[in-house]
Amino acid sequence: MSTTKVIGRGVAAATAGVLLGWAGWAAVTWARSGHIRRGRRAGELADRWLPEYEVDEAHDVYVAAPAEVTFAVATEMGMQRSAVARAMVRARERLMGARGGGGWLPGGIVTQMRRLGWSVLAEVPGRVVVLGTVTQPWHGDVEFHPVPADEFRVFDRPGFVKLVTVLAAEPLGPDASLFHEQTRVATTDTEARARFRRYWAVFSPGILLIRLSLRRLVKREAERRYREERESWDRGGARLVQSELQSRG
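Numbering (numbering that gives the first Met the number 0), first residue to last: 0 to 248.
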């Protein structure tokens with residue numbers, strides 16, 4: 000058998016495996032979603048805005064860097080930094096027949112989300128930001144609509160999905176933190192719930208892969224930035240000591 004045929008069969012088998020895995024995930028997601036739930040963990044920031052929801056994805060990542068460094072990286076890094084995000088957005092545009100936005104918006108994640116149509120619902124500078132929007136994600140050219148913080152919880156216009164995203168950095172000491180990322184989804188009526196359930200079953204693997212890649216980028220970049228800052232401080236301190244010794248000599 001020629002090398003070309005072997006490679007071709009390998010690619011076909013890998014593609015089939017990916018498609019089967021994706022289909023299996025979609026089936027599990029379909030079974031789990033579409034049901035209204037309530038928050039169970041005390042003190043969750045998302046509970047204030049969406050106490051009842053159909054989807055809740057929350058993840059924590061340990062970062063060997065102070066909370067202020069972790070939060071700065073998490074909020075200032077653009078989504079396009081992730082190759083997974085770039086690939087998944089292009090795939091969605093093709094599958095949904097979307098025109099596409101002609102490029103990524105400038106700025107970090109929070110700035111990008113606000114320009115797309117998300118509102119800042121709550122914020123603790125350097126520690127927490129909560130963003131929310133309403134949308135109809137089953138459309139190819141999806142549009143996000145900002146809703147003021149004092150109106151978000153009671154928004155109930157039929158046919159919409161309400162989204163809340165939380166980005167937070169919790170201090171674990173002077174040199175470590177816990178990066179928290181959470182997305183919660185609620186629909187405003189049964190028709191929107193049914194349409195979102197179909198959409199989420201198909202696209203949730205890609206969306207969750209994007210979020211996983213972004214969390215890993217935050218951890219890696221925050222730890223790199225803090226390591227370089229410490230090395231710079233050490234070099235600066237050594238130069239200061241050397242200068243002091245020379246002046247005394």
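Quick caveat, the hints were computed from the structure, so don't treat them as lab data.
In this text the structure is predicted, and so the values were computed from the model without any measurement.
Where hints are given, some of them may not hold.
The calculated lysine to aspartate or glutamate pairs, modelled on EDC-like cross-linking and capped at a C-alpha distance of 20 Å, are [stated by the list, open to error]:
| hint | residue 1 | residue 2 |
| --- | --- | --- |
| 1 | LYS218 | GLU180 |
| 2 | LYS218 | GLU230 |
| 3 | LYS218 | GLU190 |
| 4 | LYS218 | GLU51 |
| 5 | LYS218 | GLU67 |
| 6 | LYS218 | GLU56 |
| 7 | LYS218 | ASP46 |
| 8 | LYS218 | ASP149 |
| 9 | LYS218 | GLU228 |
Hints versus structure:
1. LYS218 <-> GLU180: holds, 12 Å
2. LYS218 <-> GLU230: Status holds; Cα separation ~18 Å.
3. LYS218 <-> GLU190: Violated: LYS218 and GLU190 sit about 39 Å apart, past 20 Å.
4. LYS218 <-> GLU51: Not satisfied, since the Cα-Cα distance of roughly 30 Å exceeds 20 Å.
5. LYS218 <-> GLU67: Holds - the C-alpha atoms of GLU67 and LYS218 are around 13 Å apart, at most 20 Å.
6. LYS218 <-> GLU56: holds, 18 Å
7. LYS218 <-> ASP46: With Cα atoms ~26 Å apart, LYS218 and ASP46 exceed 20 Å; violated.
8. LYS218 <-> ASP149: Answer violated: LYS218 to ASP149 is near 33 Å, above 20 Å.
9. LYS218 <-> GLU228: holds, 15 Å
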